[in-house]
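Peer 1: If you want the building blocks of each chain, they are given just below.
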Amino acid sequence: MVEGELLIRNGVVYDPINGVNGEKKDISIRDGKVVEEVTNPKVIDAEGRVVMPGGVDIHSHIAGGKVNAGRLFRPEDGRKGRETKTKVCRAQSGYSVPNTFATGYRYAKMGYTFVMEAAMPPLAARHTHEEMVDIPILDNAAMPLIDNNWMTMEYVKSGDTDLLAAYIAWMIKATKGYGVKVVNPGGTEAWAWAKNCDINDAVPYFDVTPAEIVKGLAEATEKFEMPHSIHVHGNMLGHPGNFETTLATYDLVKGIKPYRNRPTMHATHTQFHSYGGTSWRDFESKAGAIADYVNKNEHLSIDLGSIILGDTTTMTADGPMEYSLYQITGRKWTNHDVELETGSGITPFLYSGKSPVNTIQWAIGQELALLVKDPWKLALTTDHPNAGPFIGYPIIISMLMSKRRRDESAEDMHKVIFDRAEYSSIDREYDLNEIAIITRGMAAKTLGLHEHGKGHLGVGADGDVAIYDISPEERDAGKIQKAFLNTKYTIKGGEVVVKDGEVVATPAGRTIFVTPECDDKLTEEMMVKLKDKFDHYYSVTFNNYPVQDAYLPNPYEIKAPWRS
Amino acid sequence: MVEITDVVCSLCGCVCDDIVVEVEDNKVTKVKKGACSVGKSKLMGHGRIESPAIRDNGTLKNCSYDDAIKKAAEILAAARRPLLYGWSSTVCEADKVGVELAEEIGAVIDNTASVCHGPSVLAIQDVGLPSCTLGQVKNRADLVIYWGANPAAAHANHMKRYSYISKGYWTEEGKKNKKLVVVDVRRTATAKMADVFLQIEQGKDYLVFSALRAMLLGYEDVVPEEVGGISKKDLLETVRMMKEAKFGMIFFGMGATHTRGRHNNVVNAIQTTRAAHTHTKFSIMPMRGHYNVAGINQVCTWETGFPFAVDLSRGYAWYNPGETSSTDLLVRRECDAALFIATDPGAHFPGESIRHLSKIPVIQIDPFPNPTTEFADVVIPCAISGVEAEGNVYRMDNIPIRLRKLVDTEYMADEEIMKGILEEVRAIKEKEGE
Amino acid sequence: MQTIRLKLKEEITSGDAKIPIEVDSLTPDKLFGKNEAEIKAVKVWWGNREENTGDLFDVSVEGEAGTVEEVKIVMEGNLSRVKHIGDGMKAGEIEAIGDVDMHCGAMMGGGRVTVKGNADCWAGREMHGGELVIEGDAGDNLCAMYRGEMTGMSGGKVTVGGDAGECVGQYMAGGEILIKGNTNILTGLNMKGGKITIEGDAIMPGADMTGGEITVKGKVLDMMPSFKFVETTTVEGEEYKKYLGDLAMTEKKAKGVLYVR
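Chains as they are written, first to last, in our numbering: chain A, 1 to 564; chain U, 565 to 998; chain E, 999 to 1259.
No lab work stands behind these hints, which were simulated from the structure alone.
Treat the numbers as computed from the prediction; the structure is a model and nothing was measured.
Hints may be right or wrong, so weigh each one.
[To be verified] Below, computed lysine to aspartate or glutamate pairings styled on EDC-like, alpha-carbon distance capped at 20 Å: (1) E/LYS1005 x E/GLU1034; (2) U/LYS731 x A/ASP535; (3) A/LYS80 x E/ASP1022; (4) E/LYS1226 x U/GLU736; (5) E/LYS1178 x E/ASP1135; (6) E/LYS1226 x U/ASP785; (7) A/LYS354 x A/ASP282; (8) A/LYS531 x U/GLU664; (9) E/LYS1215 x E/GLU1147; (10) A/LYS85 x U/GLU664; (11) A/LYS42 x A/GLU76; (12) E/LYS1250 x U/ASP785; (13) U/LYS591 x U/GLU974; (14) U/LYS923 x E/GLU1009; (15) A/LYS87 x U/GLU996; (16) U/LYS596 x A/ASP535; (17) U/LYS993 x E/GLU1048; (18) E/LYS1226 x U/GLU996; (19) U/LYS983 x A/GLU474; (20) A/LYS533 x U/GLU736; (21) U/LYS796 x E/ASP1022; (22) A/LYS529 x A/ASP162; (23) U/LYS969 x U/ASP630; (24) A/LYS373 x A/ASP282; (25) E/LYS1251 x U/GLU784; (26) A/LYS87 x E/GLU1048; (27) U/LYS740 x U/ASP759; (28) A/LYS195 x U/GLU808; (29) E/LYS1028 x E/ASP1053; (30) U/LYS739 x A/ASP535; (31) E/LYS1028 x E/GLU1129.
Pulled out of the complex, with its shape left as it was, chain A reads as follows (with noise of 0.2 Å):
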């Protein structure tokens, strides 16, 4: 946030949460907000050029452990995106696993101002936390894994969900998280044993199902006023015919009743749940399954997973899936199981449009945008860096706005595309405002932030502005690719941060949390049982567990009192 007025004068501006549908229109901001007027304001002239709200990613991996290994194990990923430093901007290395630097710059550049972490395993959430400092000018917030957790499923057995709330406060407190996250329930506490759990599966040991871990966890969420609903990543991810489990996982929920006009589930990176057949053999896209259902229904919300093309760095909490990757590529695998709590796999790959199964993943991603009719039900997400790197939304955006580069594509790719996908019949195209609404919009709404500045542009927001180098008219895809890749503006809290594609000052960012507030009868119960698992079974103490202040130089708080 800076002091000062900035007037935006003259752009085409889409705010879909203001119902602002390309008009022309001033944008006013005085100490970082938007206000009605300005007085006295520096003049930003975005004449006929497009204006959007600064981008929101509901879901990606920009820090902490995993990504950390992702760079660590890969320096030949490093030497591919360096840059040198300059008066204003520190050193940047990396494609796939840019460091903190140039990831702050490259979302920056692309006109976003708020990442999700989407993957926190609690025990390092510290780590998680020092990275998001390191990034510069993007706001963020981290969601830590709450399913895996020994806890959870004692809780999930027993059916104590006021306890399973009280816990999962205590770990979103304890971590500075945002919501609750779920990875492969149940799956990743048995790769803990080298084995995995389908949704009906019992766990190892625990004898609960992956599907009541899934249920116990949104109605415990439901229990506060959580501005962000359970944000799953559910069982089976990357396996051919997994769609069924897709869409027994989403049934989960549907009868549980949500705090506010909200999903009670975000199923995110669909793209990689949306798979057929039985074998990589007869492998085929079942998004039109998954979009048929998201279109029936109004409990669930989706990010895409969209694949890029070319060699990328996959990394999830999802251990046994990062394994199966491994044994089909024979590269370098890291994997991290995280005692109690969760665990993390990564591997090196590659996804090539010569490979039939890497072409059905990539229409499967766009089908999914062109099939689900409500846009307000999706963002645009590549499960950075799993699907692919960030910085190829513009790619994903082009193709969605333009049916004949999605043909100029499918030509170049293996064949299958015409035969087991239904890419190259769909007419659809994005317009400027659905393309708005998947890249700030709907990801705004569906993690609450809209209501603490993201995302739109009305009175009171932040100051968080995009203009991009086209006209609303332009209709050439590789022109609206460049456009979204490298903005002509960037404005974050009323500050310029990029002009002309080029970072000019790079601010620190905020990190948003949580606060669920629990009844303290029912913490003091919990409190026994949680107090027994750090005096038995964690290699670290409770004292020394929760994330101190001195890692959130700048904080902002969000209050999620208990549901009466």
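Following the hints, complete the assembly by docking chains U and E onto the known chain A.
Peer 2: Same frame as chain A, but now just chains U and E:
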């Protein structure tokens, strides 16, 4: 008298965090519980560097912090190939400023991994690292293998807190239902506790790993009757134990990383873990030495993209251990100035390196006097992290833990000193720019 | 033909600190078409500062070149701290008289580099074409990959007149290496293609290889325990034992061939 609990030890990579101390008159007077004897002595404190000092005509003359910091900045700003080395026995907050300084002056920044587990990092870059947190080992491991490591001497609490002797959820009876295998060139204290001790010939680790891999994958028949001094029978028995374990764990130390084959021994150890993983759960972890050597690797990686031996002379990072690592730079006499923080190259580097260091300006930042102080041109004492200063560190399994501050001090913390030098360097550069 | 002589000035290497000079900007393709004054103005890195070539080297140019192929650079003086000679070069010729520092001929795609002396580590790293001749010894990682990569040398030809260090041709995928002396440990580590011939002895050659061919004409010390003997065969009139490996990579992948006397 105040009792402080949950004190975190700033000695080795175990980072024990359940220590209880007594503090009286702003001094740690007693370590009541949790620390090993070496950790205890660190917490209790010993002889300190008393004042900042600058060498003048061969002798160190006491000066103010300001003067020492200014002098250090002048040396670094003028250098064409400066080296900033150490960083493993201080906190991440100081490490971060170190990386920024390295960028500012076009230095090589390197840490003690270069002389300890650097080979492990290189191996991870070849094949990755299937690993876990220490609590996983505590709760689940029924087979523990120490390879070229002697925790009984070097990581005194390791077996008790995390591995062979510890008790956890599926290991309630401690070592009773666990097996311990030790591979070493000599019968160490740890080896004496082992169910199976494989006495390996010096420098033959690589061959033995390859033999184990071939056996784990089912090709026993090609393996000769003896490999690296170990009989095929003993190797087969080890392989049987590995396959039958529910959760196997390999910890390896400098005995594997610093003998013939070096980082490729670790590659092969990791490949052996991967081969074992085709049968059962198997993980592997380096026995990191200094309490925050994992931490500087983390910080350096997220800030530059690379974990150690990072050459920023061109304004971007060039990483190439063997070329940009401190040992090589010093033996090749490449540097024209050096800053050492929280380390003692005077004791750890070869004589040739020390001879070169005696010819170039050297800055030392450390709480304690050591052989480096004997030739340093600028000496800057600092607060002891974990006793007099707080901050983040990473345990050998990359779990971040915050060191506590137990007593007050007049000494500046590493982070403040580094920030002071960085500011002065920037001031000098600005002046030059004018 | 054009000959560009670059003689490193003595004072550059006479100080206490031996700071390397990095000359990846001084290849025939990059100097082609430049006159003497322009060559003197080409920037080279010396430590953390960029200097003019003319300030570090005595520069002289003789003759004219119509194509890059006609450009020959002769480097003289104490080159033991000159890194990246011929790094990334695509055509033309470099002759380095004396011992050279690291990364000589790295990333080379064409042309010819001759070192009349020893070459330090990473000579021919990731080379994919052209010819590199080292008349003396080569250091470690000759023709290997960069850290973390899975491909080392993939084309071209390298000859070493003397011995070579550790991990010669690691992750090699193509091309040929001839070592006239001995090699240190792990020659052809992770090799997947191409050919390495060692006229002297080798220690633990072929570990983790999945393709390509290694011939050791001298002794093999510490033969890998995970190779399978196939047959005795005759190569160039000499009798060799043929092994397949490395089985530690699984039998399916063990397609590397190792000939041992």
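Peer 1: State for each hint whether it applies.
Peer 2: Comparing the hints with the structure gives:
{"no.": "1", "hint": "E/LYS1005 x E/GLU1034", "verdict": "holds, 13 Å"}
{"no.": "2", "hint": "U/LYS731 x A/ASP535", "verdict": "holds, 11 Å"}
{"no.": "3", "hint": "A/LYS80 x E/ASP1022", "verdict": "holds, 18 Å"}
{"no.": "4", "hint": "E/LYS1226 x U/GLU736", "verdict": "violated, 45 Å"}
{"no.": "5", "hint": "E/LYS1178 x E/ASP1135", "verdict": "holds, 9 Å"}
{"no.": "6", "hint": "E/LYS1226 x U/ASP785", "verdict": "holds, 9 Å"}
{"no.": "7", "hint": "A/LYS354 x A/ASP282", "verdict": "holds, 16 Å"}
{"no.": "8", "hint": "A/LYS531 x U/GLU664", "verdict": "violated, 40 Å"}
{"no.": "9", "hint": "E/LYS1215 x E/GLU1147", "verdict": "violated, 30 Å"}
{"no.": "10", "hint": "A/LYS85 x U/GLU664", "verdict": "holds, 11 Å"}
{"no.": "11", "hint": "A/LYS42 x A/GLU76", "verdict": "violated, 44 Å"}
{"no.": "12", "hint": "E/LYS1250 x U/ASP785", "verdict": "holds, 16 Å"}
{"no.": "13", "hint": "U/LYS591 x U/GLU974", "verdict": "holds, 13 Å"}
{"no.": "14", "hint": "U/LYS923 x E/GLU1009", "verdict": "holds, 18 Å"}
{"no.": "15", "hint": "A/LYS87 x U/GLU996", "verdict": "holds, 15 Å"}
{"no.": "16", "hint": "U/LYS596 x A/ASP535", "verdict": "holds, 18 Å"}
{"no.": "17", "hint": "U/LYS993 x E/GLU1048", "verdict": "holds, 16 Å"}
{"no.": "18", "hint": "E/LYS1226 x U/GLU996", "verdict": "violated, 66 Å"}
{"no.": "19", "hint": "U/LYS983 x A/GLU474", "verdict": "violated, 49 Å"}
{"no.": "20", "hint": "A/LYS533 x U/GLU736", "verdict": "holds, 14 Å"}
{"no.": "21", "hint": "U/LYS796 x E/ASP1022", "verdict": "violated, 51 Å"}
{"no.": "22", "hint": "A/LYS529 x A/ASP162", "verdict": "holds, 14 Å"}
{"no.": "23", "hint": "U/LYS969 x U/ASP630", "verdict": "violated, 24 Å"}
{"no.": "24", "hint": "A/LYS373 x A/ASP282", "verdict": "violated, 28 Å"}
{"no.": "25", "hint": "E/LYS1251 x U/GLU784", "verdict": "holds, 17 Å"}
{"no.": "26", "hint": "A/LYS87 x E/GLU1048", "verdict": "holds, 18 Å"}
{"no.": "27", "hint": "U/LYS740 x U/ASP759", "verdict": "holds, 11 Å"}
{"no.": "28", "hint": "A/LYS195 x U/GLU808", "verdict": "holds, 16 Å"}
{"no.": "29", "hint": "E/LYS1028 x E/ASP1053", "verdict": "holds, 18 Å"}
{"no.": "30", "hint": "U/LYS739 x A/ASP535", "verdict": "holds, 19 Å"}
{"no.": "31", "hint": "E/LYS1028 x E/GLU1129", "verdict": "holds, 18 Å"}
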